[in-house]
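Participant: Single-letter residue listing:
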Amino acid sequence: MDLESFLRVFLPFLLGGAALTIVISAAASVIGIGLGLLVAAGRLSGRALISAPSALFVDFFRSTPFFVHLVWFFFALPILTGLSLDAITTGIAALGVYSAAYFAEVFRTGILAIPVGQRDAALAAGMTDRQAVRRIVLPQAVRMVLPPMVNTLVVLVKDSSLFSVLGVAELMYRAGAASQFSSRPLVIMTVTGLIYIALTYPTTVLGSVLQRQVAKAT
Amino acid sequence: MLEYSWDWSAAVDGLPLLIEGLAVSFVLALTVMTVSLPVSLIVAGARLSTIAPIRFSAYAYTEMLRTLPLLVLLTWFFFVPGLSFGVNLEPFVIAVVAFVLTTSAFLAEVVRGSIQSIDPGQREAAVAAGMTSWQAARRVVLPQALRRALPLIGAVWISLLKDTSLVSVVAVHDLMFEARVLAVTVYRPIEVLTFAALIYFVVTYPQGRLLEWVFQRVRVSE
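These protein sequence lines are chains W and C, in that order.
Residues in the first sequence are numbered consecutively from 392, following my numbering.
Residues in the second sequence are numbered consecutively from 159, following my numbering.
Hints listed in this document are in silico derivations from the structure and should not be mistaken for laboratory results.
Check before you lean on any hint, since a few could be wrong.
With a cut-off of at most 25 Å between alpha-carbon atoms, the simulated SDA-like pairs for lysine to any residue come out as follows [unchecked claim]:
hint, chain 1, residue 1, chain 2, residue 2
1, W, K607, W, G501
2, W, K607, C, M191
3, W, K607, C, L310
4, W, K607, C, D277
5, W, K607, W, L537
6, W, K607, C, I276
7, W, K607, W, T594
8, W, K607, C, G279
9, W, K607, C, Q274
10, W, K607, C, R306
11, W, K607, W, G508
One chain only, chain W, in its complex shape (with noise of 0.2 Å):
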């Protein structure tokens, strides 16, 4: 393999599976905050019925090994629910469910760590209970959650590389077809590792970014 192969050739297959990377994550990313917030507010609600449960799978997924249930989705999805799913679609579906107990716990810890006070005051003040909510406890809870749900998504996408192993072709799958066609995997899995870091050290930079203003403004 000689540069001009690998800018040619090389290059461009491994690019193309990261941008199937970002799709994958951006995709599963949004199943598992959306659902994430519904776990959240379930496990915060005073009902047993819908705490326990919420409760339950949060512990049960984050007690377990992604790998684990990628490969169960991928086997148990069809054969469940009768519909012939590509790899693609079962595997976001696993990441994005997994990813929910993960972005759930960071929603509820970022919620309970508000003052109780802060509501009460906003009460007192002749806030409507909404008006509470949407002015004074949601925008402290966003300030509080930006950073470990950016440390969540970078674990995201690390994960996404696992995808590999049922056969898509994003960029972890086509760093080892590409090793093993090119014969030459040092710089193959070399450039491979470093467009990873490219797609997730930006993010952990901006985590740590937010993470000190978060310290500042508290």
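Could you slot chain C onto chain W? The hints should help.
Facilitator: Chain C only, in chain W's frame:
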């Protein structure tokens, strides 16, 4: 929803095999942790060094390894030594090397954070009392820092235990590997994988709860 007739007998019969796999996962995680702890102390020390090139190398080490997916590292060590240098490593060795790199990076950040959280006055007092800088670090700062780091080290341990499931990709016969093989040989993937997930849960969940308890105790005592 289709009608699916569950049959757990194959999964139950495979339990000894899965437990054997679990033992491999445990040995792997323990080995990785034992090697990573001293490495992380060195890296954390380097990150706090006053010499810029040392500090920067340690920073690059932790940031790079924390952002790389484990699968990239595993695959790197799976392909590169063999295909590029003709050195064939045992799957278990590949797994240990890849995991030590990431685990030590995460631990180094934990240790550094804990050292920095100790009031500088502690060190100054120790030095004022006649200790050398090294003695102050070893006898005063580090014991307090490690105590504070303990719950976070526990958290790294738990995610390590879960992450070891990835080594099945490089053919280490861990719990996940045995589960995947069993799933396709007995044609009962749903039951076998559910079983495997439950085993991971039974092993990890109590440790998570224990950790929460330790967290509370450490917080209260401060």
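Participant: State for each hint whether it applies.
Facilitator: Hints, verified against the model:
Straight-line distance between C-alpha atoms of K607/W and G501/W comes to about 16 Å, which keeps the hinted pair within the 25 Å bound. Proximity of K607/W to M191/C is assessed by CA-CA distance (about 35 Å); at most 25 Å being required, the pair is judged violated. Between K607/W and L310/C, the direct Cα distance comes to roughly 23 Å. Compliance with the 25 Å bound is thereby established for this hinted pair. Of the supplied pair hints, the one linking K607/W and D277/C holds, its CA atoms being roughly 19 Å apart against a limit of 25 Å.
Our distance criterion of 25 Å between C-alpha atoms is met by K607/W and L537/W, whose separation comes to about 14 Å. In summary, the hint linking K607/W to I276/C is supported, as the alpha carbons are separated by about 20 Å, within the 25 Å threshold. Among the hinted pairs, K607/W with T594/W is consistent with the structure: their alpha-carbon atoms are about 20 Å apart, no more than 25 Å. Taking the CA atoms of K607/W and G279/C, the gap is near 23 Å; set against the 25 Å cutoff, the hint holds.
Distance restraint check for K607/W and Q274/C: the Cα-Cα separation of roughly 18 Å lies within the 25 Å cut-off, and the hinted pair is therefore satisfied. Proximity of K607/W to R306/C is assessed by CA-CA distance (about 23 Å); at most 25 Å being required, the pair is judged to hold. Among the hinted pairs, K607/W with G508/W is consistent with the structure: their alpha-carbon atoms are about 21 Å apart, no more than 25 Å.
The structure shown violates just one earlier hint, number 2.
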